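Asks: As a plain string of letters, each chain reads:
Number of protein chains: 2
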Amino acid sequence: MAERKTTIGIETKKEDNISEWYTQVMQKADLADYTSVSGCLVFKPRSYAIWETIVAQTDLRFKQAGIQNAYFPLFIPESLFQKEAAHVEGFSPEVAWVTHAGDTKLNERLAVRPTSETIMYESYSKWIRSWRDLPLRLNQWCNVVRWEFKHPVPFLRTREFLWNEGHTAFATKKQAEDEGPEIISIYNEICENLLALPSVIGRKSEKEKFAGAEYTISLEFFLPSGKAIQGPDFHHDGQNFAKAFDIKFKDQNGNDEYAWQNTFAITTRVIGIMIMMHGDNKGLVLPPFVAPTQIGIVPILGKGDDVLAKAKEIEESLRSAYKVQLDEREEYSPGYKFNEMELQGVPLRIEIGPKDLAANSVVLVRRDTGEKTTVALDKLASTIEEELTAMHHRLFEKAKTFLEENIVSVDNYDEFKKAIADKKLVKARYCNDKTSDCEEIIKADTVGAKPLNIPEQEPSDGVCVHCGKPAKEYAYFGKAY
Amino acid sequence: MAERKTTIGIETKKEDNISEWYTQVMQKADLADYTSVSGCLVFKPRSYAIWETIVAQTDLRFKQAGIQNAYFPLFIPESLFQKEAAHVEGFSPEVAWVTHAGDTKLNERLAVRPTSETIMYESYSKWIRSWRDLPLRLNQWCNVVRWEFKHPVPFLRTREFLWNEGHTAFATKKQAEDEGPEIISIYNEICENLLALPSVIGRKSEKEKFAGAEYTISLEFFLPSGKAIQGPDFHHDGQNFAKAFDIKFKDQNGNDEYAWQNTFAITTRVIGIMIMMHGDNKGLVLPPFVAPTQIGIVPILGKGDDVLAKAKEIEESLRSAYKVQLDEREEYSPGYKFNEMELQGVPLRIEIGPKDLAANSVVLVRRDTGEKTTVALDKLASTIEEELTAMHHRLFEKAKTFLEENIVSVDNYDEFKKAIADKKLVKARYCNDKTSDCEEIIKADTVGAKPLNIPEQEPSDGVCVHCGKPAKEYAYFGKAY
Numbered sequence: 033m034a035e036r037k038t039t040i041g042i043e044t045k046k047e048d049n050i051s052e053w054y055t056q057v058m059q060k061a062d063l064a065d066y067t068s069v070s071g072c073l074v075f076k077p078r079s080y081a082i083w084e085t086i087v088a089q090t091d092l093r094f095k096q097a098g099i100q101n102a103y104f105p106l107f108i109p110e111s112l113f114q115k116e117a118a119h120v121e122g123f124s125p126e127v128a129w130v131t132h133a134g135d136t137k138l139n140e141r142l143a144v145r146p147t148s149e150t151i152m153y154e155s156y157s158k159w160i161r162s163w164r165d166l167p168l169r170l171n172q173w174c175n176v177v178r179w180e181f182k183h184p185v186p187f188l189r190t191r192e193f194l195w196n197e198g199h200t201a202f203a204t205k206k207q208a209e210d211e212g213p214e215i216i217s218i219y220n221e222i223c224e225n226l227l228a229l230p231s232v233i234g235r236k237s238e239k240e241k242f243a244g245a246e247y248t249i250s251l252e253f254f255l256p257s258g259k260a261i262q263g264p265d266f267h268h269d270g271q272n273f274a275k276a277f278d279i280k281f282k283d284q285n286g287n288d289e290y291a292w293q294n295t296f297a298i299t300t301r302v303i304g305i306m307i308m309m310h311g312d313n314k315g316l317v318l319p320p321f322v323a324p325t326q327i328g329i330v331p332i333l334g335k336g337d338d339v340l341a342k343a344k345e346i347e348e349s350l351r352s353a354y355k356v357q358l359d360e361r362e363e364y365s366p367g368y369k370f371n372e373m374e375l376q377g378v379p380l381r382i383e384i385g386p387k388d389l390a391a392n393s394v395v396l397v398r399r400d401t402g403e404k405t406t407v408a409l410d411k412l413a414s415t416i417e418e419e420l421t422a423m424h425h426r427l428f429e430k431a432k433t434f435l436e437e438n439i440v441s442v443d444n445y446d447e448f449k450k451a452i453a454d455k456k457l458v459k460a461r462y463c464n465d466k467t468s469d470c471e472e473i474i475k476a477d478t479v480g481a482k483p484l485n486i487p488e489q490e491p492s493d494g495v496c497v498h499c500g501k502p503a504k505e506y507a508y509f510g511k512a513y
Numbered sequence: 033m034a035e036r037k038t039t040i041g042i043e044t045k046k047e048d049n050i051s052e053w054y055t056q057v058m059q060k061a062d063l064a065d066y067t068s069v070s071g072c073l074v075f076k077p078r079s080y081a082i083w084e085t086i087v088a089q090t091d092l093r094f095k096q097a098g099i100q101n102a103y104f105p106l107f108i109p110e111s112l113f114q115k116e117a118a119h120v121e122g123f124s125p126e127v128a129w130v131t132h133a134g135d136t137k138l139n140e141r142l143a144v145r146p147t148s149e150t151i152m153y154e155s156y157s158k159w160i161r162s163w164r165d166l167p168l169r170l171n172q173w174c175n176v177v178r179w180e181f182k183h184p185v186p187f188l189r190t191r192e193f194l195w196n197e198g199h200t201a202f203a204t205k206k207q208a209e210d211e212g213p214e215i216i217s218i219y220n221e222i223c224e225n226l227l228a229l230p231s232v233i234g235r236k237s238e239k240e241k242f243a244g245a246e247y248t249i250s251l252e253f254f255l256p257s258g259k260a261i262q263g264p265d266f267h268h269d270g271q272n273f274a275k276a277f278d279i280k281f282k283d284q285n286g287n288d289e290y291a292w293q294n295t296f297a298i299t300t301r302v303i304g305i306m307i308m309m310h311g312d313n314k315g316l317v318l319p320p321f322v323a324p325t326q327i328g329i330v331p332i333l334g335k336g337d338d339v340l341a342k343a344k345e346i347e348e349s350l351r352s353a354y355k356v357q358l359d360e361r362e363e364y365s366p367g368y369k370f371n372e373m374e375l376q377g378v379p380l381r382i383e384i385g386p387k388d389l390a391a392n393s394v395v396l397v398r399r400d401t402g403e404k405t406t407v408a409l410d411k412l413a414s415t416i417e418e419e420l421t422a423m424h425h426r427l428f429e430k431a432k433t434f435l436e437e438n439i440v441s442v443d444n445y446d447e448f449k450k451a452i453a454d455k456k457l458v459k460a461r462y463c464n465d466k467t468s469d470c471e472e473i474i475k476a477d478t479v480g481a482k483p484l485n486i487p488e489q490e491p492s493d494g495v496c497v498h499c500g501k502p503a504k505e506y507a508y509f510g511k512a513y
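Chains as they are written, first to last, in my numbering: chain D, 33 to 513; chain W, 33 to 513.
One or more hints might be untrue.
The list makes no distinction among identical chains, and a pair is therefore deemed to hold if it is satisfied within one copy or across any two copies.
Unchecked claim - Below, computed lysine to any residue pairings styled on SDA-like, alpha-carbon distance capped at 25 Å:
(1) Lys158 <-> Lys411
(2) Lys46 <-> Pro502
(3) Lys206 <-> Pro184
(4) Lys182 <-> Gly270
(5) Lys275 <-> Gln262
(6) Lys335 <-> Pro184
(7) Lys158 <-> Asn371
(8) Lys95 <-> Phe321
(9) Lys182 <-> Ser217
(10) Lys95 <-> Gly122
(11) Lys355 <-> Pro167
(12) Lys342 <-> Asp443
(13) Lys355 <-> Thr85
(14) Lys95 <-> Arg351
(15) Lys344 <-> Leu168
(16) Lys280 <-> Lys314
(17) Lys355 <-> Glu84
(18) Lys335 <-> Gly480
(19) Lys430 <-> Gly480
(20) Lys259 <-> Glu43
(21) Lys95 <-> Asp62
(22) Lys466 <-> Asn139
(23) Lys115 <-> Tyr66
(24) Lys259 <-> Ala117
(25) Lys450 <-> Glu436
Think of the hints as simulated: they come from the structure by calculation, not from any bench. Keep in mind it's a predicted model, so treat the numbers as computed, not measured.
Model the full structure from these sequences, guided by the hints.
Replies: This is how it looks when you write it as structure tokens:
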């Protein structure tokens, strides 16, 4: 793509038009591209490497927790897919159906998995016979397809996406529910410590919970676009699926019991959240611990000097601890390389020219602040370690301040509507009554706002911001992707 | 599944009925299970962990070679799928077609990828403009679907399987072709050093090569069932796809040229090859470097002794270097645990009882030979290292001897047919003429034998074993899965 790179910069300001800015960053920072399959992306190496790090770090924690990986079929026979009523109702409208193989019409249509409860639990019902077979804690990393007809947004809402889906079964409700905080804490650690993304954590409302779940716990993110978006989540399914799929076991007294189940997921969506949260008008800003290139080295060549040799030496010395990239292409100028590394969000840039070489130092540039520091070579390794950590913390603190400054607590419906119109994350008392039509009316009144989640351990003794009926809890509301 | 484990052993001898033996090993060693999707397996944790190791080791080598990972959509629009004539002809009969999303009929059918050339090369044609954009060496690890109507065999032939697909583009034919030995050597290293699987390596015949390729290089394995099976392969596609997808670049002189391309793959099939090659009448035998549990520890408990504490201490001391599993379940006897570990192919078993504890030693049992050795605790770590390496080499050498002993070189068609009837891997001179019908006749005469591949650098100056026309090369023939 070299020839098109004469105008490599982002041509729209993030504050002016964030969707256009986002699209340009995605393409110009070489993260992803559109394809001729509507709503489906190519993950190019620079975004796929981010996903690989998220997978590796999450998977490590799952394995430490005793969760094992497996792989179940992509296809789900229609009859199996329809076994749990709420589940099929929730997913049917967006299922991609395989009807033919070659020229042969299949006897039964096959759903391309939008999620794998139904195909996995058929096996669980065969495998789980005794209390000795529990807990069964399996996970798979795979692709899923949800053919939504809403407007697709790269990473944030794509018709095919990548995720983990954990599916666990326990002998008791308590054991199952205890898994919730464990999993949410893993996801939160990935979001905070890897992606520098703070969130609000809580239960989804009765109407927004997962199709088939007793309750859903989610991480919700609030983006500079003024919209919220759901991140990783955990569903406690009670015995709903166990009853639909006959997942029964003999307990230690010889009684037949249904298993208690959970599911949980983190998806490629978090990549989009990260891009939108941290990026700036120069392009992508990548949190250092997830960046596919953590340190870029640009040699500034003079005549007859040994700059390139020194640059290679530095690359070599850093390679075992960091992801380093020395840009020694001769057909591009140093200025071009600086711009490209900024566009691609490389956290730290090392510039080294003849004068630096003579002074036994380099110039170190931070992507997020643009700060340039001259660093003596013998201090380089320790300075890099400090700067990467400092950059991560600054990104996280900045995002956290942004989140906190945008939360508005309101006490009545007029304030509520104004805060939503102001693109805020609104905290209000909420009835969370399945039989009320509060959610529908709020959505209509505000052109799309909805309850995002309900923070736990924050009881309310007031009344619902909309209907005035008793509200035992608060909810976060906002417009969402 | 505890209750069914009262008869955990394999009930059929490998030498009596290898397909039945294979099915039992797959299920009883907890590797995989059937599903209600015909021809599609569940990879249970014990087989998926093997795949994870194969992926990790292969991926490491790809990355060292400069190949980057990406991810392209699962679906391929029909019009795109049809762009390369030989390719569409080869794959169409086994494509699973998505025709509907929810209740909506799609405007265009979508193929579930049987392989991703067509969806990837549409992007390549956008991305590759200049010699500076080359080489482009991308890979993805993903699932693919080939709805074959042949009899499915777990791992060996499943309608959905997991694989890597490397797709690379180069500026010159030479650069592209030089990638062949590099990739084949990576695959061979994985097969030999990880899976203890020797193979014969060579080019596929003109009729057996990949749909769309100029030539295909394959690793072919010969199994104790007397059948051969193709393993990982590499395809040099010349400019076939570049022309079909308009993948052109300006070279350094400003001329437009088509790119030269390759593709390559290793699939979950190798797990099946490994099972069938090394297993015995006690069950699975796993090569030590790919085994999900390398060392099993069984405490043999007496009264008032500290066996379990010592067993935990041993587990702890080995954990950083090996995959260790201490079986401390109280509801199963040591004998049951020995059988289960043998069934699951655990390479080394440590037995420790009160007498061993008193003598400061343990009993070490090798899965492949059944040899029991008493090992002093202070020699345990070094003995384990030696035994794991020795076991790998023994499995490989045994498999290699088996392969070599089954290769029969023949000079005429009667010998040829007899050797095929004797279930041998037959080496014979072969015309490899696209216009001749040798392959069809051989297949008919022998009920299914075909040329597997053609070893390189073994010129022949004789005549084809079937048609008598000049043969410049030898080929390996056999019946194949």
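Asks: It remains to establish, for every hint, whether it holds in the given structure.
Replies: Hint by hint, here is what the structure shows:
1. Lys158 <-> Lys411: neither (61 Å within a copy, 44 Å between copies)
2. Lys46 <-> Pro502: neither (41 Å within a copy, 70 Å between copies)
3. Lys206 <-> Pro184: So Lys206 and Pro184 fail the 25 Å test inside a copy (39 Å) and across (42 Å) alike.
4. Lys182 <-> Gly270: neither (31 Å within a copy, 41 Å between copies)
5. Lys275 <-> Gln262: The answer is neither: 29 Å in one copy and 44 Å across copies each exceed 25 Å.
6. Lys335 <-> Pro184: neither (51 Å within a copy, 66 Å between copies)
7. Lys158 <-> Asn371: This pair counts as between: shortest inter-copy Cα distance 23 Å, intra-copy 58 Å.
8. Lys95 <-> Phe321: both (21 Å within a copy, 19 Å between copies)
9. Lys182 <-> Ser217: For Lys182 and Ser217, neither the intra-copy (31 Å) nor the inter-copy (47 Å) Cα distance is at most 25 Å.
10. Lys95 <-> Gly122: neither (30 Å within a copy, 41 Å between copies)
11. Lys355 <-> Pro167: Close across copies (21 Å), not inside one copy (39 Å); limit 25 Å.
12. Lys342 <-> Asp443: neither (63 Å within a copy, 63 Å between copies)
13. Lys355 <-> Thr85: both (12 Å within a copy, 23 Å between copies)
14. Lys95 <-> Arg351: between (28 Å within a copy, 14 Å between copies)
15. Lys344 <-> Leu168: Cα proximity of Lys344 and Leu168: across copies only (23 Å, versus 50 Å in one copy).
16. Lys280 <-> Lys314: neither (57 Å within a copy, 31 Å between copies)
17. Lys355 <-> Glu84: Classified as both; 14 Å inside a copy, 23 Å across copies.
18. Lys335 <-> Gly480: neither (62 Å within a copy, 69 Å between copies)
19. Lys430 <-> Gly480: For Lys430 and Gly480, neither the intra-copy (27 Å) nor the inter-copy (68 Å) Cα distance is at most 25 Å.
20. Lys259 <-> Glu43: For Lys259 and Glu43, the Cα distance is within 25 Å only inside one copy (23 Å; across copies 61 Å).
21. Lys95 <-> Asp62: For Lys95 and Asp62, only the inter-copy Cα distance (19 Å) is at most 25 Å; the intra-copy one is 32 Å.
22. Lys466 <-> Asn139: neither (39 Å within a copy, 38 Å between copies)
23. Lys115 <-> Tyr66: between (35 Å within a copy, 19 Å between copies)
24. Lys259 <-> Ala117: neither (31 Å within a copy, 47 Å between copies)
25. Lys450 <-> Glu436: within (18 Å within a copy, 81 Å between copies)
Of the numbered hints stated above, those contradicted by the structure are hints 1, 2, 3, 4, 5, 6, 9, 10, 12, 16, 18, 19, 22, 24, listed in ascending order.
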